[in-house]
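A.B. asks: Required output: the full structure, derived from the provided sequences and hints.
There are 2 protein chains.
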Amino acid sequence: MLTSVPFGLRKIEDYSQVVGEQLISELKKKAETLKGLKVLNISSTAFGGGVAELLYTTAPLMVNLGLDVKWQVINGYEDFFTITKNIHNGLQGMDFVLTEQMIKMYEERNKSFAENLEDEADIIIVHDPQPMAMSSFIIPKKRKKAKWIWRAHVDLSSPQQEVVDYVSKFIPYYDAVIVTLPKYSEPFKNINKPYFIAPTIDPLSIKNKDLSKSATEEIIDRLEIDKNRPIMCQVSRFDPWKDPFGVIDTYRLVKKEIKDLQLLMVASMAVDDPEGWHYFEKTARYAGVDPSINFFSNVTGVGNVEVNAIQRASDVVIQKSKREGFGLVVSEAMWKFKPVVGTKVGGITLQIKDSENGFLIETTEEAAKKVKFLIENKEKAKEMGKKAHIYVKDNFLTPRLLNDWLDIFTELSEVTG
Amino acid sequence: MLTSVPFGLRKIEDYSQVVGEQLISELKKKAETLKGLKVLNISSTAFGGGVAELLYTTAPLMVNLGLDVKWQVINGYEDFFTITKNIHNGLQGMDFVLTEQMIKMYEERNKSFAENLEDEADIIIVHDPQPMAMSSFIIPKKRKKAKWIWRAHVDLSSPQQEVVDYVSKFIPYYDAVIVTLPKYSEPFKNINKPYFIAPTIDPLSIKNKDLSKSATEEIIDRLEIDKNRPIMCQVSRFDPWKDPFGVIDTYRLVKKEIKDLQLLMVASMAVDDPEGWHYFEKTARYAGVDPSINFFSNVTGVGNVEVNAIQRASDVVIQKSKREGFGLVVSEAMWKFKPVVGTKVGGITLQIKDSENGFLIETTEEAAKKVKFLIENKEKAKEMGKKAHIYVKDNFLTPRLLNDWLDIFTELSEVTG
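So the sequence lines, in the order shown, correspond to chains A and B.
If you're matching positions, the first sequence starts at 60 in the numbering used here and goes up one per residue.
If you're matching positions, the second sequence starts at 60 in the numbering used here and goes up one per residue.
Check before you lean on any hint, since a few could be wrong.
Stated by the list, open to error - Sample of chain A residues at the chain B side, in silico, Cβ under 10 angstroms:
{"no.": "1", "residue": "T92"}
{"no.": "2", "residue": "K94"}
{"no.": "3", "residue": "P333"}
{"no.": "4", "residue": "V358"}
Stated by the list, open to error - Quick list of the computed label-pair ranges, beta carbon to beta carbon:
{"no.": "5", "chain 1": "B", "residue 1": "G362", "chain 2": "A", "residue 2": "E435", "range": "45 to 53 angstroms"}
{"no.": "6", "chain 1": "A", "residue 1": "I265", "chain 2": "B", "residue 2": "E137", "range": "15 to 23 angstroms"}
{"no.": "7", "chain 1": "B", "residue 1": "G79", "chain 2": "A", "residue 2": "S63", "range": "53 to 61 angstroms"}
{"no.": "8", "chain 1": "B", "residue 1": "R281", "chain 2": "A", "residue 2": "M153", "range": "21 to 29 angstroms"}
{"no.": "9", "chain 1": "A", "residue 1": "G67", "chain 2": "B", "residue 2": "Y254", "range": "29 to 37 angstroms"}
{"no.": "10", "chain 1": "A", "residue 1": "K286", "chain 2": "B", "residue 2": "G347", "range": "27 to 35 angstroms"}
{"no.": "11", "chain 1": "A", "residue 1": "G67", "chain 2": "B", "residue 2": "G362", "range": "33 to 41 angstroms"}
{"no.": "12", "chain 1": "A", "residue 1": "T141", "chain 2": "B", "residue 2": "E137", "range": "29 to 37 angstroms"}
{"no.": "13", "chain 1": "A", "residue 1": "G67", "chain 2": "B", "residue 2": "D285", "range": "26 to 34 angstroms"}
{"no.": "14", "chain 1": "A", "residue 1": "I198", "chain 2": "B", "residue 2": "G347", "range": "44 to 52 angstroms"}
{"no.": "15", "chain 1": "A", "residue 1": "M153", "chain 2": "B", "residue 2": "E80", "range": "56 to 64 angstroms"}
{"no.": "16", "chain 1": "B", "residue 1": "S63", "chain 2": "A", "residue 2": "E283", "range": "38 to 46 angstroms"}
Quick caveat, the hints were computed from the structure, so don't treat them as lab data.
Nothing here was measured: the structure is a model prediction, and the numbers come from that model.
Note that beta-carbon positions come from the ideal geometry of N, C-alpha and C, so glycine has one too.
C.D. replies: This is the structure:
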């Protein structure tokens with residue numbers, strides 16, 4: 060019921076070239092008292108989505124810092140994940156009624172995850188709602204030993220209150236709760252002392268690493284994108300939360316005035332996500348026959364290095380999400396010196412400082428106006444892009460997140476000691 | 060390099076309810092002298108496509124008849140399959156130049172299949188061009204023991220002659236060559252005595268088995284198809300050979316007069332076929348926003364039983380292929396009492412008797428005319444559908460194919476004896 064995920068090796072020293080040696084020394088120093096600390100991450104999937112991306116970076120780096128970190132994923136089966144997707148949607152504010160039957164399955168499955176939890180750990184980090192209930196089914200003896208942390212990555216700014224109330228039931232079984240923004244903890248009445256931590260991007264991953272202009276152009280050529288015409292892109296899965304229709308509408312508005320505009324929509328598709336396929340079809344049909352709109356995804360062979368090149372080759376990056384827990388993809392584009400036009404929701408507001416390093420928008424018309432502005436004012440766009448890069452460098456790179464984790468681990472260990 | 064495919068169990072007796080006991084007794088009698096005959100099938104894939112479908116039915120039935128049948132697939136890797144897909148396309152008449160480099164890889168890979176062939180067999184059946192060259196690399200000692208059969212399932216009615224000439228090189232290494240139609244052997248100058256055998260459909264498979272009207276309607280409802288409005292469908296992968304754009308054009312022509320017409324496009328998608336995904340996207344975009352066009356595929360959970368129901372619920376089934384080796388899907392629909400509107404190409408002409416049990420058409424305009432006719436003349440459609448069912452029953456059901464195979468095995472074994 061729980062499967063270990065192998066996550067390779069990474070060296071913390073490699074990051075000093077990006078964030079400087081001082082922060083890396085501090086991390087090493089903090090980690091000294093935590094050597095051998097057993098940390099177990101539990102999440103719902105090893106593929107796709109921000110949580111998996113974060114763990115593939117932080118888990119091996121913590122190991123490199125001397126901690127004993129593991130990562131396991133739950134095997135929930137399709138019916139279970141349909142329920143947890145609904146819980147996720149409910150937490151993000153979509154209409155949804157949690158039935159007795161769903162609760163029963165959700166809890167039964169979580170009970171068996173708990174029963175199958177074999178590893179001893181000092182710290183157990185449970186990511187998102189899917190495995191959240193399992194801590195409540197751990198026998199007291201096991202509970203005492205480990206400190207349990209719930210890390211919610213979702214946008215909790217305007218949830219369905221009934222779903223929050225249900226989920227709150229499990230909060231008392233955690234020693235710490237981490238959310239991305241202060242307001243995300245407000246709907247919960249029983250979190251004593253929430254931690255507010257924003258996720259970060261990995262500047263050394265294939266998706267974010269430097270890419271030369273010539274390599275970028277070669278990849279863009281190979282994807283048959285015209286590098287001499289203006290490009291706007293959104294990198295997001297096909298999902299109502301990401302508003303792909305709104306992206307196409309924005310493009311169409313701008314296209315009225317900038318005739319040679321191209322729109323690139325890039326997604327990672329999960330084979331086992333029928334809803335994703337369905338929404339991809341809907342989006343493709345909404346795009347219709349228009350050679351200036353191009354879709355790219357892993358199933359047609361577009362991977363991380365291509366995403367890297369597409370973001371770099373874009374004149375404007377848009378993120379038209381309706382909700383966004385954080386929105387790693389915004390920082391990814393900003394890191395590549397791109398001013399992002401993003402909706403004023405959730406974690407996007409943490410990254411974009413309106414009119415400084417990008418634009419926060421609310422409507423499609425506003426989005427179109429800002430996209431047009433950035434394409435027509437290259438110097439201004441460049442200036443904002445530079446600020447975007449610096450803002451990410453100062454706030455949203457992996458070492459900062461590691462620092463936060465080490466602080467929390469230290470605090471929780473002290474309570475034990 | 061060769062992987063065995065497990066194919067379960069089937070009982071030949073079960074087929075007597077469909078084709079009568081006499082044919083089944085004859086099959087058993089013919090099989091008596093062939094008991095223990097070692098037959099090895101080699102094909103390129105265990106998933107998707109007609110060849111795999113045929114083998115999942117015939118292999119276990121031959122085992123049930125006392126033969127020792129195995130099925131192995133080659134592991135060719137992506138680059139190899141890109142070449143063989145081109146060879147396949149060239150054999151069906153698409154422009155394509157076979158380079159020295161492609162020939163080198165094709166033959167080297169086939170050489171290693173040959174070297175990895177461990178099983179002893181009396182008869183080796185090689186399906187389609189992908190593993191065709193391997194027989195030429197078998198050491199003479201091994202060659203003597205087994206009789207080699209090449210079974211070509213492609214439409215060879217108007218191939219690229221250079222590709223045929225290249226492929227002909229391997230014909231001398233086969234003891235028998237089987238094609239679907241007499242004219243498919245004409246482009247080859249060195250086949251001594253070709254066999255002409257049409258494939259068949261399995262009336263007891265989940266895709267073809269009887270389905271009650273209520274079960275059909277329940278499935279149609281669940282797929283959110285309106286059973287009270289006229290339905291036309293094509294069941295085919297998204298591929299230029301299947302002309303999905305032409306299907307949409309046909310629908311649009313008919314829709315001008317039959318306003319409530321629905322089009323259902325059903326496909327099986329292979330995860331490892333980027334071209335298929337690309338063509339799906341193109342087709343979806345060509346369809347555009349039209350709630351009366353519905354796409355269904357395995358990735359959104361539509362499987363064999365749904366295909367069965369969709370074919371049964373359709374008023375007209377269309378098959379607008381540009382080439383078609385045989386076109387099992389035509390017989391599948393005919394078996395379900397549907398008159399099929401199909402292009403006058405390849406194996407479709409073997410199944411549809413124009414204006415009797417369906418319509419053979421050449422242009423989109425003709426297709427639209429016939430689709431309209433069948434929707435507006437329900438009695439006539441019903442009468443043609445009955446004839447279609449009977450024609451398939453008499454010609455294209457599994458036991459007939461088994462009979463043909465047993466005859467060939469007997470003939471080849473006698474030559475040995």
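A.B. asks: Hint by hint, which ones does this structure get wrong, listed from lowest number up?
C.D. replies: Structure breaks hints 1, 2, 9, 13, 14.
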